[in-house]
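Each chain, letter by letter, is given below.
There are 2 protein chains.
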Amino acid sequence: MRIGYKVWLENNGKAFGDGPYELLKRVEETHSLHRAAKEMGMAYSKAWRLIGAMEKRLGFLVIERKVGGFSGGGSLVTPKARLLMNHYERFRRDTKKVLDKIYRKHFGPWK
Amino acid sequence: MRIGYKVWLENNGKAFGDGPYELLKRVEETHSLHRAAKEMGMAYSKAWRLIGAMEKRLGFLVIERKVGGFSGGGSLVTPKARLLMNHYERFRRDTKKVLDKIYRKHFGPWK
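Respectively, the protein sequence lines represent chains A and B. The first sequence begins at 1444 in my numbering and counts up by one. The second sequence begins at 1444 in my numbering and counts up by one.
Treat the hints as calculated values from the structure; they're not laboratory data. Some clues are possibly wrong.
Where chains are identical, the list cannot tell them apart; a pair therefore holds if satisfied intra-copy or between any two copies.
[To be verified] Listed next, the in silico DSS-like pairs over lysine-lysine satisfying Cα-Cα at most 27 Å (straight line):
#1 Lys-1539 - Lys-1457
#2 Lys-1489 - Lys-1548
#3 Lys-1509 - Lys-1468
#4 Lys-1499 - Lys-1540
#5 Lys-1544 - Lys-1509
#6 Lys-1468 - Lys-1449
#7 Lys-1468 - Lys-1548
#8 Lys-1449 - Lys-1489
#9 Lys-1481 - Lys-1540
#10 Lys-1523 - Lys-1468
#11 Lys-1457 - Lys-1548
#12 Lys-1540 - Lys-1489
#13 Lys-1489 - Lys-1544
#14 Lys-1499 - Lys-1468
#15 Lys-1499 - Lys-1548
#16 Lys-1544 - Lys-1523
#17 Lys-1509 - Lys-1548
#18 Lys-1544 - Lys-1481
#19 Lys-1489 - Lys-1523
Based on the sequences and whatever the hints tell you, model everything.
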């Protein structure tokens, strides 16, 4: 037996969680929502809907669209979204560590 | 903003969680799976399927069928299931306490 769990942030519905985090992380790495969605096997239209829902619930923009220029545009993660990601990374590390510990405390000797 | 979460026990799939706990708790109180299911707005057939899946994944019986007698039969929670419920109650209290604390630590001052 083992523990199963999901954690997320709520604000009038699910505002942020592992899926949104992973999407933003890949946007940060690829500078492209298109590539980020593709890497996750997600339709581009779905990725945009996810970003839109996230921004509405968080109350700020998480992606900035760079238009034209030498590199031909692309997407950037906003500084406020990066800050949220920093908090979320530490929050997730703590939840994992602590939930594993609580599970072992109560179910470690379970037969 | 606030934290959202779900926790459960896994053993080749979801084996036990808040829904199964609540169902068994009501069986314990009403001595009847029929009444327990009804109180939760759940079809009796669905309650039986849930019990079956739970028993298969946990590897032991959680409900004992009392047949006939003065009270006309009914359902009882097995001692092993009650023991699991005891562990689960403490496990859930701890997860709630600790997850609320971790949320406040990382997102308490979030603007």
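- Query: Which earlier hints turn out false for this structure, listed by number in ascending order?
  - Reply: Of the numbered hints given earlier, those the structure breaks are 2, 4, 5, 9, 12, 13, 17 and 18, listed in rising order.
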